[in-house]
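All chains, full assembly: derive it from the sequences and hints.
If you're matching them up, the sequences are chains A and B in order.
Per this note's numbering, the first sequence runs over residues 1 to 330.
Per this note's numbering, the second sequence runs over residues 1001 to 1463.
Check each hint, because a few of them may be wrong.
To be verified - Part of the chain B face toward chain A, derived, beta carbon under 8 Å: (1) 1180; (2) 1199; (3) 1200; (4) 1206.
Claimed, not checked - Below, simulated PhoX-like cross-link-like pairs (lysine-lysine); rule was C-alpha separation at most 25 Å, straight line: (5) A:315 with A:253; (6) B:1194 with B:1184; (7) B:1026 with B:1059; (8) B:1370 with B:1022; (9) B:1184 with A:253; (10) A:19 with A:39; (11) A:253 with B:1320; (12) B:1320 with B:1446; (13) A:253 with B:1177.
What the hints assert, rightly or not - Label pairs and their computed distance ranges (CB to CB): (14) B:1442 with A:253: 35 to 45 Å; (15) A:314 with B:1024: 38 to 48 Å; (16) A:91 with B:1319: 47 to 57 Å; (17) A:123 with B:1243: 51 to 61 Å; (18) A:253 with B:1265: 29 to 39 Å; (19) B:1065 with A:313: 45 to 55 Å.
These are calculated hints, taken from the structure and not from any lab test.
Cβ atoms here follow ideal geometry from the backbone N, Cα and C, with glycine treated the same way.
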Amino acid sequence: MAVMTYREALNLALREELKRDPDVFVIGEEVGLYEGAYKVTQGLLKEFGPKRIVDTPIAESGFTGVGIGAAMVGLRPVVEMMTFNFALLALDQIVNSAAKLNYMSGGQYNVPIVIRGPGGPAHQLAAQHSQSMEVYFYHVPGLKVVRPSTPMDAKGLLKSAIRDDNPVIFIESETLYNVKGEVPEDPDFTIPLGQAIVRREGTDVTVIAYMGMMYRAMEAAEELAKDGISVEIVDPRTLQPLDTQTIIGSVRKTHRAVVVEAGAGFAGMGSEIATEITEEAFDDLDAPVLRVTGAQAPMPYARNLERAKTPTKEKIADAIRRVCYANGGR
Amino acid sequence: MAVTKVVMPKLSEQMESGKVIKWLKKEGDRVQSGDILAEVETDKADVEMEAFGAGVLRKILVPAGSTVPVGSLIGVIAEANDDINSVVGQAGAPAPAAEGGAKAPSDVAAPSGAKPGMADRPLVVPPQPRSEDPAARKPSPSTAPTAPSQTAPRPVETVGSGQRAVVPPSGDGGRVKASPLARKIAAQSGVDLKLIQGSGPGGRIVRRDVEAASTAPAAAAAAAPALRPVTPSVAGPEYEDVALSPMRAAIAKRMPLSKAPVPHFYVTTEVAMDRSWELREDLNGLEGQPKISVNDLIIRACALTLLSHPGVNASFQGDKIRVFHRVHMGIAVALDEGLITPVLRDVHAKPLAQIAVEARDLAERARQRKLRAQELSGATFSISNLGMFDVRDFSAIINPPEGAILAVGSVHKVPVVTDEGLGVGRRMALTISCDHRVMDGAMGAKFLQDVKRLLEEPLRLLV
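Written out as structure tokens, the structure reads:
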């Protein structure tokens, strides 16, 4: 194990997969000469050359289409979105081509593409660059959606995504690129898609959270432990396919659940997980499942308003107290 | 800190209102959780109402002698410096009409605010702004939608008589609000949700309430003040917890599926009552002795037999069986409008004459509805006697969490074959209903066999 940043873990995964499989290539805006807007592709152009690391014009729909076409004829493209908000420009390519070609060609084509880049709220990136973009994709049949919270997950899941024979949406986070953690250097290390992980064991309530929200839930759990509330935290890691078994298993143990998501709550991941829990574990629930979500509003630029829109440690702790019927929950 | 609302408890499904007989605490008195605040008359009995929270009894909203609907706010417990105006304000018109006709406080249910035909629908009516409050008159679109949520669904902090009182949190026609988990545990442990007070938001019954209730009867029995001096003949702990064997655990799991929540089975025997009948006539011929009934003989016989058959004097507790070392006998008393089962405590330690006196007293007070709450709970076994109705035999329903109940038919004359030829004998049928999670057929049969032996050799009842 080596300690490295989330950014370095992604870079290592790309490097290992570029070495392992000559069909893998990276394409996107400023991935080559500039070494990536967030330096995830640092050193790759020098090591693998311009045929494997391809700089493109500012044309998301175009280079995503190039990637899909290349995937249809057997290559394994990794398409970088400078931020995932820009994937909106490529939505038709992703939704109508990448997600559906395997089905519509009767299995004659498959599209082994990875589309990756940072998404979700960061720090004062304002309304257009702070969106939790996963909601646009996990709704579409044919797309897998990954949200890795730790450096180890970033490496293990990106490698699985590249090796997957179907399209994978892989959304990182600006706020996590400098997070450090242990990462296996073994080039054969992968984490399968569709496996959640219990980040913290507890007995009183299950909190389901990923990315930055997972870290805030951890802080809330530490605080609540002082009040005798034992919080279990489940990180889904892959949102589609969702590992409901791990989530339901945890809820069957704790009998209460809180789902946290950074984006606006309406028809969000929290709604989906809450419904799964209600359908599968109804008789095990001692309280309604609560959601802690971003407000139904565009992300403001002002720091205080940004904080007001986003789930905070305090809001998460409050919801946990409420499902535990503990004092202090409102 | 915590402001505790004192509300009129609900003691039965039919109970709609209750009368405050007298307050035992006055405004300004400091109270602890569990202190008796007041006596309340209900449709079944007089009940001592315990405080559910600690603090100072700040406000008495309903004077002695007044009748108010179940769930009405009748007092407030809080610390001396707490602001209770909002709580008191929620009570709406705080002066209820004496004897019936009371107006429902707005935080309970407000039929007056409901549309016609919707009176039985769940309703939470936000408190109306008081007209003398100038702030309330200002239209305030931004705060108006949130106002009800700030006041209406506050966690219900209520006062009941400890283990039995139920408060319908929002006057929603008696539907029990319980979490799915609480319902599942209640079904498994035979707890009646209607008898539990919920501690969750809006009075929702949650897991901790059911778990507390499933252990409450024993605790209540131990805590209840003795009505008369009794000398338990068995020293030592009140009960012991026996681990479930794998077979018992399997039976416990399967049986509720066949007859939820308590899987009953029934065993019947016939008792030759000739000698008991003679003994009773002899005893009742003595000067200065209380009259002994056939039922008193049966109570005594069961009490003695239960001591040697502790498995029948037992209660299913979810993951274990609680075996009682003392016998508290529930005696079903028929009333015009139903049935009530007062409890004769430590009956195994009482001679026949004492049983006769106490059973008669309980039955009479049951008919006059003068029983106290603690005389209605904590039974470990019950007897239901329909002999006076010329009933041959019948089966009774177990009263959870008890494990068994004995149904007694009438003593009737039948032709019997004797050594001399054909004669006339007195016979009586006994049917025991047993909780299969606690015991099996052979246990019930052996118990009946020994009851039968005592009644057929009744001098044993006197020694």
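Evaluation of the provided hints:
For the restraint placing residue 1180 of chain B at the interface with chain A, the shortest Cβ-Cβ distance is roughly 5 Å, inside the 8 Å limit, so the hint holds. A distance limit of 8 Å between C-beta atoms decides the matter here; for residue 1199 of chain B the minimum to chain A is near 7 Å, and the interface restraint holds. Against a cut-off of 8 Å between C-beta atoms, the interface hint on residue 1200 of chain B holds, since the closest Cβ of chain A lies about 5 Å away. The interface hint given for residue 1206 of chain B is met, as the beta carbon of that residue sits about 5 Å from the closest beta carbon of chain A, less than 8 Å.
With a C-alpha separation of about 23 Å, the suggested pairing of residue 315 of chain A with residue 253 of chain A holds against the 25 Å cut-off. Distance restraint check for residue 1194 of chain B and residue 1184 of chain B: the Cα-Cα separation of roughly 14 Å lies within the 25 Å cut-off, and the hinted pair is therefore satisfied. Restraint check: the Cα-Cα separation between residue 1026 of chain B and residue 1059 of chain B comes to about 8 Å, which is no more than 25 Å; the hinted pair holds. Between the alpha carbons of residue 1370 of chain B and residue 1022 of chain B the distance comes to roughly 15 Å, so the proposed pair stays at or under 25 Å and holds.
As the CA atoms of residue 1184 of chain B and residue 253 of chain A are separated by approximately 15 Å, the hinted pair is consistent with the 25 Å bound. Restraint check: the Cα-Cα separation between residue 19 of chain A and residue 39 of chain A comes to about 19 Å, which is no more than 25 Å; the hinted pair holds. Between residue 253 of chain A and residue 1320 of chain B the alpha-carbon distance is near 21 Å, which keeps this suggested pair within the 25 Å criterion. Our distance criterion of 25 Å between C-alpha atoms is met by residue 1320 of chain B and residue 1446 of chain B, whose separation comes to about 22 Å.
Restraint check for residue 253 of chain A and residue 1177 of chain B: the C-alpha separation of about 22 Å stays at or below 25 Å, so the hint holds. The supplied range of 35 to 45 Å is met by residue 1442 of chain B and residue 253 of chain A, whose beta-carbon atoms lie about 39 Å from each other. Evaluation of the 38 to 48 Å hint for residue 314 of chain A and residue 1024 of chain B yields a pass: the beta carbon distance comes to about 43 Å. Checking the proposed 47 to 57 Å range against residue 91 of chain A and residue 1319 of chain B shows it holds: the Cβ atoms sit about 55 Å from each other.
Between residue 123 of chain A and residue 1243 of chain B the beta carbon distance is about 58 Å. The supplied range of 51 to 61 Å therefore holds. Distance hint check: the CB atoms of residue 253 of chain A and residue 1265 of chain B are about 35 Å apart, consistent with the given range 29 to 39 Å. Hint check: residue 1065 of chain B to residue 313 of chain A, Cβ distance near 53 Å, so the stated range 45 to 55 Å holds.
Consistency with the previously given hints is maintained throughout, with no hint failing.
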